[in-house]
Amino acid sequence: MKSALAVAGTSLLRVSKDRRALLFLIVLPVVVILIIGATVRGFSTIRVGVVDLGSGAAGRSLVSAMEGSSNLEVQRYPTLAAATTAVSRGEAATAVVLPRGMDAALRAGRSADVAVLANQSNTTQQAAAAAVGSVVAKEGARVQAAYFASSRALGTYEADLRAAASLQRSTPQSRVLSRVVDASSQTLPEGFSYSAPTMLVLFVFVNALASGAVIIETRRLGLYERMAAAPIRRAAIVLGETLAYFLVALTQATLIVGIGALAFGVSWGNPPAAAALVILWALVGAGAGVLSGTLFRTPEQAGAIGPPVGIVLAMLGGCMWPLSIVSSFMRELGHATPQAWAVDAWTDLMSRGGTLGSIAPKLGILAAFAAGLLLLSTLRLGKVVARR
Amino acid sequence: MRVVLLIAAKDLRQRLRDRSAIVIGIVAPLVIAAVMSLAFGGVSNFHFTLGVVNADRGPIAAQLLGGLRQPELRGIITTEPVGSPAEAAAEVRSRRLQAAIVIPKGFSTSMTGTSPQSITTLTSVNNTLAGSITGSVVSSFSAQLNADRLSLATALGAGAPLDRLAALEAEASGLRIPERLVQRPVGARELKPISYYSPAMAIFFVLFVISFTSRSFFVDRDQGMIERMRAAPIRPLQILAGKALSVFVFGLASLGVVASVTTVAFGAYWGSPLAVGVLCVAVVLSVVCLTALVIGLARTQRQAEGIASAVVFGLALLGGNFVFVSSEPELLRRLSLFTPNGWAMRAFTDLSTRGGGLGTVLVPVGVIVAFSAGIGLVAAALARRAVTS
Numbered sequence: 001m002k003s004a005l006a007v008a009g010t011s012l013l014r015v016s017k018d019r020r021a022l023l024f025l026i027v028l029p030v031v032v033i034l035i036i037g038a039t040v041r042g043f044s045t046i047r048v049g050v051v052d053l054g055s056g057a058a059g060r061s062l063v064s065a066m067e068g069s070s071n072l073e074v075q076r077y078p079t080l081a082a083a084t085t086a087v088s089r090g091e092a093a094t095a096v097v098l099p100r101g102m103d104a105a106l107r108a109g110r111s112a113d114v115a116v117l118a119n120q121s122n123t124t125q126q127a128a129a130a131a132v133g134s135v136v137a138k139e140g141a142r143v144q145a146a147y148f149a150s151s152r153a154l155g156t157y158e159a160d161l162r163a164a165a166s167l168q169r170s171t172p173q174s175r176v177l178s179r180v181v182d183a184s185s186q187t188l189p190e191g192f193s194y195s196a197p198t199m200l201v202l203f204v205f206v207n208a209l210a211s212g213a214v215i216i217e218t219r220r221l222g223l224y225e226r227m228a229a230a231p232i233r234r235a236a237i238v239l240g241e242t243l244a245y246f247l248v249a250l251t252q253a254t255l256i257v258g259i260g261a262l263a264f265g266v267s268w269g270n271p272p273a274a275a276a277l278v279i280l281w282a283l284v285g286a287g288a289g290v291l292s293g294t295l296f297r298t299p300e301q302a303g304a305i306g307p308p309v310g311i312v313l314a315m316l317g318g319c320m321w322p323l324s325i326v327s328s329f330m331r332e333l334g335h336a337t338p339q340a341w342a343v344d345a346w347t348d349l350m351s352r353g354g355t356l357g358s359i360a361p362k363l364g365i366l367a368a369f370a371a372g373l374l375l376l377s378t379l380r381l382g383k384v385v386a387r388r
Numbered sequence: 389m390r391v392v393l394l395i396a397a398k399d400l401r402q403r404l405r406d407r408s409a410i411v412i413g414i415v416a417p418l419v420i421a422a423v424m425s426l427a428f429g430g431v432s433n434f435h436f437t438l439g440v441v442n443a444d445r446g447p448i449a450a451q452l453l454g455g456l457r458q459p460e461l462r463g464i465i466t467t468e469p470v471g472s473p474a475e476a477a478a479e480v481r482s483r484r485l486q487a488a489i490v491i492p493k494g495f496s497t498s499m500t501g502t503s504p505q506s507i508t509t510l511t512s513v514n515n516t517l518a519g520s521i522t523g524s525v526v527s528s529f530s531a532q533l534n535a536d537r538l539s540l541a542t543a544l545g546a547g548a549p550l551d552r553l554a555a556l557e558a559e560a561s562g563l564r565i566p567e568r569l570v571q572r573p574v575g576a577r578e579l580k581p582i583s584y585y586s587p588a589m590a591i592f593f594v595l596f597v598i599s600f601t602s603r604s605f606f607v608d609r610d611q612g613m614i615e616r617m618r619a620a621p622i623r624p625l626q627i628l629a630g631k632a633l634s635v636f637v638f639g640l641a642s643l644g645v646v647a648s649v650t651t652v653a654f655g656a657y658w659g660s661p662l663a664v665g666v667l668c669v670a671v672v673l674s675v676v677c678l679t680a681l682v683i684g685l686a687r688t689q690r691q692a693e694g695i696a697s698a699v700v701f702g703l704a705l706l707g708g709n710f711v712f713v714s715s716e717p718e719l720l721r722r723l724s725l726f727t728p729n730g731w732a733m734r735a736f737t738d739l740s741t742r743g744g745g746l747g748t749v750l751v752p753v754g755v756i757v758a759f760s761a762g763i764g765l766v767a768a769a770l771a772r773r774a775v776t777s
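Residue numbers (the working numbering), protein chains in the order written: chain A, 1 to 388; chain B, 389 to 777.
Just so you know, not all the hints are guaranteed correct.
Here are some of the chain B residues that sit facing chain A, going by a computed Cβ distance under 10 Å [stated by the list, open to error]:
no., residue
1, Ile507
2, Val513
3, Val570
Simulated from the structure, these hints should not be mistaken for laboratory data. The beta-carbon is built from N, C-alpha and C at its ideal position, and this holds for glycine as well.
Isolated chain A, as found in the complex:
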């Protein structure tokens, strides 16, 4: 055991001296969590552009109603061209064009066409247009009422508009009651609570694959030969190397959990369950890392092929987008990767208040993945060490 610890210690020392490793271990995951977390913040709000071509009071009132709506985020554009560009680039989901002379037309009892930019086939734009539509309709109700009354010589337009606004607040209305039929979400929460667990799963695995280069380097330097010359058992070498990979993965995962909780306010769910998940994931990472060190021939190969393989597995496993939005075939295919089970377990912990008991089946599958990978990597590393 002492010699296994010594082997692990040596490997860890080499990793800690490599500044590049530090970049991948801490800096990169944190930056990615930050950027993705900031981006997926807006799942529930729709960004809407507004172009005012001189609509007057009615237009201003409509814009402030949109700004007051909880699911719209209004951004003004100076020209129609600027708004069109923003919508086609996806910077705004749709844009509302308030026509010139809108207020005057409404006062005169004419209708005013508020254009909303949306392609028929684009569902994001259609959903945004529908959301804008309900704000416009509520606003338009007051205008309809004001003209209806004032045109029948019942008060002035301004007075009726004010009266309608106050009646709209005070009289009972037919509402739309929304009932959510299932409380348990199949996806992670938004923002950093989305990016932190998925990127933990992604980076621990990718980093492990890439750091297979360390074992290859050890092979090249002939360190295993020298170790074999000393009275160290082969099992101790294999155990030591695996232990080093496990500790690196565990450190990285723990740091991401810590930084996520402290800097980004991520709540990781039930602590014992989260700890078990982190440990199992580090074991999966250790198995994958040692395996990569024995499969690839050169450190460049591990560095070049490892990350893309890790990224593809992460995509399939739901680290880049929730598997609930892909086809059922892709969802099933995704669950051939350990990543999907880890993300599922995090979703259970973070969105549904899961416990050690409720995620036990997923932990079991992850344990099987870890056992399989570790067994395979042990056999291969054993061979590599014996060959010397």
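With chain A's structure known, arrange chain B on it following the hints.
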């Protein structure tokens, strides 16, 4: 010139012999594009089935159902009658229906009374888009009902005599909200995920050329290769030009292959070939200059690896190669315009959505070339030292 070509050819041969370069330059971006196209292949046309519990069966409920079947919604919503609210809730929970609405008994008649009834939508947390579309459609409908009621109330409040109530009621029911929403086409092609991520991944992996070229430069130097070249009648600039040319050819080939394969096999739309070509040349030019910069800045192979990793991942993160840059917050969108790949991604987005030719990419290409020139000047001064030292 012959010397430059010789050095470039030797570098390219070396690169092709090392299989990891092929993996990075060609295989990885294609595999990732394939996964993306599989993952998003089925969801580009969003459509859902809406359950309808019609306990009212009155004229207003019929109006609503007619509205749900109007041509604009036909592509998105299919309605299906359901017997009871409990049944509808169970169907939504089991995901057979994506959302449902319940029109209560007596809904139509309650509209003329003082306590109007409400429609209930049943939605699932796992299909928020279907939920929000359902909510919006039903809201727009009930907004018209409320507008008619509000018109009547306002008229009465402004002093309309009660004996005119029936007449006013009839007039109000024929009103239409005067602020009408009309949909206008954006005049742009829809940006499919595959059309964004194909260039994004292609550029990301071309950035890796910075890593392995700078690394191989220092390996060459440590093995005395550069010294031996210097012993021959070759000027340092020729050595650099040869290396730069090999980076250029490899990068361009990688982008070209990924563009062709993703277009033919996965239906990605990159845009007008001429504009795409010019943009790719500009991107690869910036990669060449960045490679020279890394070689100039680093002193050892280790340093080169570290600086290159920081440059590659820094640029890819900021420029929008991992996340769709347009949906990022304003600050990040601005930051992306400090990177050549950020400008390239914006240009590729414009090409793929709004079409157009060289005119569309003129400004981005100009910015990328200017960026490359700036980096190139600094790099030339620094890299000369790396070769001569």
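Please verify that hint: B:Ile507, Cβ, nearest Cβ of chain A, below 10 Å or not. Where the cut-off is 10 Å and the nearest Cβ of chain A is about 6 Å from B:Ile507, the hint holds.
Take the shortest C-beta to C-beta distance between B:Val570 and chain A; is it under 10 Å? holds, 5 Å
Hint check, B:Val513 versus chain A [nearest Cβ-Cβ separation less than 10 Å]: With a minimum Cβ separation of about 5 Å from chain A (threshold 10 Å), the hint on B:Val513 holds.
In summary, the structure agrees with every hint in the numbered list given earlier.
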